[in-house]
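> If you want the building blocks of each chain, they are given just below.
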Amino acid sequence: MFKHSKLVSALAVAGVALFGAQAAQAQIVKIDGSSTVYPITEAVAEEFQKAKKNAIKVTVGISGTGGGFKKFCRDETDLSNASRPITKKEMEDCKAAGVEYIEMPVAFDALTVVINPKNTFLKEATVAELKALWEPAAQGKVMKWNQVNPAWPDAPVKLFGAGADSGTFEYFTEAIVGKAKSSRGDYTASEDDNVLVQGVSRDVNAIGYFGYAYYAENMNKLKALPIVPPKGGAAVAPSEQAVIKGTYQPLSRPIFVYVKAKSLQKPEVKEFVEFYMKNAAKLTKEVKYVPLPDNAYTGNLEHVKKNKIGTVFGGQNEVGITIEELMKREAKM
Amino acid sequence: MQALTTEQIRAVIARGKLRDNIFKAMGIFCLALALIVIVALVADMVMKGSERFTLDFFLNFASRRATQAGILSAWVGSLLVMLVTALAAVPLGVAAGLYLEEYAKRNWLTNVIEINISNLAAVPSIVYGLLALGIFVYQFGFGQSIMSAGLTLALLILPIIIVSTREAIRAIPAMIREGSMAVGATRWQTCRYHIVPYAMPGILTGVIIGLARAIGETAPIITIGALTFIAFLPPAPFTTLGDGSTAGLFDWVFAPFTVMPIQIFNWTSRPDPAFEVNAAAAGFVLMAMVLSMNAVAIWLRYKMRKNIKW
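Protein sequence lines correspond, in order, to chains Y and D.
Position one of the first sequence corresponds to residue 1 (the UniProt record's numbering), numbered consecutively onward.
Position one of the second sequence corresponds to residue 1 (the UniProt record's numbering), numbered consecutively onward.
Hint data in this document are derived by calculation from the structure and do not stem from the laboratory.
Check the hints yourself; a few may be wrong.
Straight-line distance between alpha carbons at most 25 Å, and here's what the computed SDA-like set of lysine to any residue pairs gives [said to hold, decoys possible]:
1) Y:Lys70 <-> D:Thr240
2) Y:Lys71 <-> D:Leu133
3) Y:Lys288 <-> D:Arg192
4) Y:Lys221 <-> D:Lys48
5) Y:Lys282 <-> D:Ser63
6) Y:Lys70 <-> Y:Glu191
7) Y:Lys221 <-> D:Thr240
8) Y:Lys53 <-> D:Leu72
9) Y:Lys179 <-> Y:Gly315
10) Y:Lys278 <-> Y:Ser239
11) Y:Lys278 <-> Y:Gly299
12) Y:Lys223 <-> D:Leu72
13) Y:Lys308 <-> Y:Lys53
14) Y:Lys278 <-> Y:Pro293
15) Y:Lys266 <-> Y:Lys223
16) Y:Lys123 <-> Y:Glu174
17) Y:Lys52 <-> Y:Gly233
18) Y:Lys266 <-> D:Thr246
19) Y:Lys50 <-> D:Tyr99
20) Y:Lys285 <-> D:Glu276
21) Y:Lys89 <-> D:Leu133
Example chain Y residues on the side facing chain D (calculated, C-beta under 7 Å, incomplete) [as the list claims (entries may be wrong)]:
22) Ala43
23) Glu46
24) Lys52
25) Val60
26) Gly61
27) Ile62
28) Phe121
29) Ser190
30) Asp192
31) Ala213
32) Glu217
33) Asn220
We put the CB at the ideal spot given by N, CA and C, even for glycine.
Input sequences plus hints: build the corresponding full structure.
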């Protein structure tokens, strides 16, 4: 009877489980972490497996930057995707577990403030204006555009933004409001950026923010709002050029991949990292992020070769760092 | 009391009929609403996803290019996880139901167990994910594998299987038991040759409802660490691995994996709108998987009912 054979095979499965069969895990490069960095790492992993004819396997998860570091510091993954530098707490966790890592910036992202294409009154905005819109004190009070700037119309403001668990939220609030995770709560929040894209594209009075890639793929439905840099000068719209020149401030941010020093002794991980750095510039562009200059990637490989362990950020997230500054810092290491 | 005239009686009957018809119309309306929603949902997914219904879609791995991205690792992962889930949950659930209904004495302990089983059925699935992360992934060291996922979902659907097993057993007339025992059968023989076979249609329904719920679960699977990008399949038994060794019979159980709902979720949250087509197509495939599981259940139930001769 089939019920019998089922029972037998269930017991067999349980038996194998108890007597461990963890052997099949060789030759896998394990990556987890930020969903912002995911498209780049995924593209690299896809090309890498093709180039290696599937002899080396790569897996990529999206646990978020924080979740990724948790696994990384527990010695479960080889690489960790991060949309911000490693924090003090995470550095301590890694240290306690004896996990050493090499920090590799792989691209820049431009957090993009978007409005509806039919919006005619918004040509640019200052950081102060955005702060007036988004700071916690604005909750329930700033409900109309002319409350922020008298030149703007007497129309309701519809806000769309990232959910509180994302690195994007953390960075935006730090750059605009001045304190990480401090934001008004009465806005449409979603971890799924496509919800925000839909929302802003349907409402003339809407304003929202998310990573540049989502704007780049939906340019026909959205308009990017040029931002006046905190140091003054003309307003700058997000673009590859603006990020490279360092003029799109303060919403440009570097994104990273951390690799475990111990894992680099495994040939498959080393090969993957080398492949990553050689192809990052091309693939980064393809998935709509801003690539770093070539010497940034060779610099990363240099760090790998010389085993330069640690971070150049000292556990602090910094707002408005330019590619140039980042490169200088990485070089000094 | 005054006798009613024929007209009055007719009026009463007409009023009753009218009420009948109103209720019937309401019933049909509710049914139609439910059906329209499901038909609209399926039609929407088919229309959006139609251009992806190619063989390649089923045989390709995930990719950053929407037109080349497929669901191979996802549907294989879903099937294998379901297999582990069924192998773990069905024997346990049926045995537990059988014990509670046929063997256990009615006392406060069984009452507590009963209440807890009903309560467990209502626990949000993410809680099972957290529990499994601690127990299966770390404590037992199964890692982020098909094994962990299968056992997690098995826990999730265990209450459903137990409850439906008990209900199926309860529906068997007492005289069957009495008759069996009267001719000298032991309790085990009664269960083995009468109770379980007669209860099988009901048990199967519960199993399929449970599995259909499990196959659509995302939250607990994400918690225990299913992957998003994975471009290889678990090792099939006795095939040669990359390092030249041969895969064992059960190596696939400990392989990393992804499942359909996670793949769909990933595609809907991507910047490139072209992936919505993939998500719709994959959604339809998942739906087809659930519907065909239900169809199998109905067919099995029909076949087994025919064989029951009371």
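> With reference to the structure, classify each hint as holding or not holding.
Status of the hints after comparison with the structure:
{"no.": "1", "hint": "Y:Lys70 <-> D:Thr240", "in the structure": "violated, 34 Å"}
{"no.": "2", "hint": "Y:Lys71 <-> D:Leu133", "in the structure": "holds, 12 Å"}
{"no.": "3", "hint": "Y:Lys288 <-> D:Arg192", "in the structure": "violated, 63 Å"}
{"no.": "4", "hint": "Y:Lys221 <-> D:Lys48", "in the structure": "holds, 19 Å"}
{"no.": "5", "hint": "Y:Lys282 <-> D:Ser63", "in the structure": "holds, 16 Å"}
{"no.": "6", "hint": "Y:Lys70 <-> Y:Glu191", "in the structure": "holds, 20 Å"}
{"no.": "7", "hint": "Y:Lys221 <-> D:Thr240", "in the structure": "violated, 50 Å"}
{"no.": "8", "hint": "Y:Lys53 <-> D:Leu72", "in the structure": "holds, 17 Å"}
{"no.": "9", "hint": "Y:Lys179 <-> Y:Gly315", "in the structure": "holds, 16 Å"}
{"no.": "10", "hint": "Y:Lys278 <-> Y:Ser239", "in the structure": "holds, 23 Å"}
{"no.": "11", "hint": "Y:Lys278 <-> Y:Gly299", "in the structure": "holds, 11 Å"}
{"no.": "12", "hint": "Y:Lys223 <-> D:Leu72", "in the structure": "violated, 37 Å"}
{"no.": "13", "hint": "Y:Lys308 <-> Y:Lys53", "in the structure": "violated, 31 Å"}
{"no.": "14", "hint": "Y:Lys278 <-> Y:Pro293", "in the structure": "holds, 12 Å"}
{"no.": "15", "hint": "Y:Lys266 <-> Y:Lys223", "in the structure": "violated, 46 Å"}
{"no.": "16", "hint": "Y:Lys123 <-> Y:Glu174", "in the structure": "holds, 23 Å"}
{"no.": "17", "hint": "Y:Lys52 <-> Y:Gly233", "in the structure": "violated, 49 Å"}
{"no.": "18", "hint": "Y:Lys266 <-> D:Thr246", "in the structure": "holds, 21 Å"}
{"no.": "19", "hint": "Y:Lys50 <-> D:Tyr99", "in the structure": "violated, 53 Å"}
{"no.": "20", "hint": "Y:Lys285 <-> D:Glu276", "in the structure": "holds, 22 Å"}
{"no.": "21", "hint": "Y:Lys89 <-> D:Leu133", "in the structure": "holds, 22 Å"}
{"no.": "22", "hint": "Ala43", "in the structure": "holds, 5 Å"}
{"no.": "23", "hint": "Glu46", "in the structure": "holds, 6 Å"}
{"no.": "24", "hint": "Lys52", "in the structure": "violated, 10 Å"}
{"no.": "25", "hint": "Val60", "in the structure": "holds, 4 Å"}
{"no.": "26", "hint": "Gly61", "in the structure": "holds, 5 Å"}
{"no.": "27", "hint": "Ile62", "in the structure": "holds, 5 Å"}
{"no.": "28", "hint": "Phe121", "in the structure": "violated, 27 Å"}
{"no.": "29", "hint": "Ser190", "in the structure": "violated, 9 Å"}
{"no.": "30", "hint": "Asp192", "in the structure": "holds, 5 Å"}
{"no.": "31", "hint": "Ala213", "in the structure": "holds, 4 Å"}
{"no.": "32", "hint": "Glu217", "in the structure": "holds, 4 Å"}
{"no.": "33", "hint": "Asn220", "in the structure": "violated, 10 Å"}
In this structure, the earlier hints numbered 1, 3, 7, 12, 13, 15, 17, 19, 24, 28, 29, 33 are contradicted, and the remaining ones agree with it.
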